[in-house]
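2 protein chains.
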Amino acid sequence: MIQNGQLISLLEKSFSFWDKISDLEKAALMDNISDIRYEKGTCLSGSDDSCAGVFLIRSGTLRVYMLSEDGKDLTLFRLNPGEICILSASCVLKLIRFEVLIEAETECRILVANANFFSDLAARNVWVENFSYKVAAERFSDVMEAIQRIFFLSVDKRLANFLLEEIERNNTNVVPVTHEQIARYIGSAREVVSRTLKSFYVLGAVELSRGGIKIVDKKLLQSMSK
Amino acid sequence: MIQNGQLISLLEKSFSFWDKISDLEKAALMDNISDIRYEKGTCLSGSDDSCAGVFLIRSGTLRVYMLSEDGKDLTLFRLNPGEICILSASCVLKLIRFEVLIEAETECRILVANANFFSDLAARNVWVENFSYKVAAERFSDVMEAIQRIFFLSVDKRLANFLLEEIERNNTNVVPVTHEQIARYIGSAREVVSRTLKSFYVLGAVELSRGGIKIVDKKLLQSMSK
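Chains as they are written, first to last, in my numbering: chain A, 256 to 481; chain B, 256 to 481.
Derived from the structure by calculation, the hints contain no laboratory data. Source: prediction; values computed, not measured. Careful: at least some of the hints might be erroneous.
[Unchecked claim] Simulated pairs of lysine to aspartate or glutamate, EDC-like, Cα-Cα distance not exceeding 20 Å:
(1) A:K349 <-> B:E338
(2) A:K349 <-> B:D375
(3) B:K349 <-> A:D397
(4) A:K327 <-> B:E400
(5) A:K349 <-> B:D397
(6) B:K327 <-> A:E400
(7) A:K412 <-> B:D328
(8) B:K349 <-> A:E338
(9) B:K349 <-> A:E400
(10) A:K349 <-> B:E400
(11) B:K412 <-> A:D328
(12) A:K327 <-> B:D411
(13) B:K327 <-> A:D411
(14) B:K349 <-> A:D472
Turn these sequences into a full structure, and let the hints guide you.
Here you go:
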């Protein structure tokens, strides 16, 4: 469990409305926060009411995505430690009319603020409401970036960018994911990813194996990403 | 020119923060609003500073879209009379990190609030800032709908939906647009639109002519849109 002092300093840092709510509200908010560990792969988006709670990520990565009826998957953005997920509590934001899916991409440690409590607080206090909509606006910007990437970049550029980001993020030169997973991340089809990877291999940028994709010429990949 | 009384009642109705600002601020806001008529086809998004102003649409339709470097066009949403465009004043919203293009799709009459004035007001008054982010959240929802439509619906469904919306909107059974324009609106290519329209014609849903597309079997089109 998280210590009280540690929790207060985290909330103070993450919730910009902290000094705009009363001491009673602060105490109540703390009572309505759970410190939860999620296994990799857990689906965190709510059931029917779509109000799973406001998430403050302590460790791990969340992936926020959409799924079509026939299973097409579109990654909108990822959230990392220190970031807040408000789309998991769309009941807080009356003007957000859509729902997204959220999964723990790695094992995650998350502070979950009860959605109903948070929603009541936002209804009473304009600073809390404004904070919530501001977090949503940041995610709006993330989604617009995803659209630009997916609509306006060709598959080879998207793939090169993805591989570069992954080796940057994990600090290795091997990306241990399947072609199927890559297709999902970059909004394409497995066959297209396999074909494009093969062309990268022929050009000498990557090596392909069962374990994943090994980047052998980062500079070449960088020039292909532009 | 718009009459003062009419302007006040419009602002009162459209700006939910109206009773949260002082009388001085109300007067200053009114002084910083211009009533402008735009010709069809005018580009309304700002130049370098991307802060053209906050738009309150009195008549006409605005189209908000993105354009790739190689000219690919993606319609995000449209705005109609009574609606507010805040993405035309991204300087008001510090957390909005992207820019969009805005064009007058028809002749438009728009109340334009000076972006710098509005930005200062939002910085001083949390109700104004919150109002701005709430308007952005509505547009976020619009964009998510566009993504779902473009990513997850096949071209024939998108095309059927587009034609149905157009005849609904204009209250006729003829849609007087080129295949090129349709491709832009539904996020596809002209060739694909032409081919799909031909299949609609073969099925007996539409007739094609130089003047546009005539819907001859609305029910069939409706069944094809689902």
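Checklist line | Numbers of the earlier hints that this structure fails to satisfy, in rising order | finding: 2, 14
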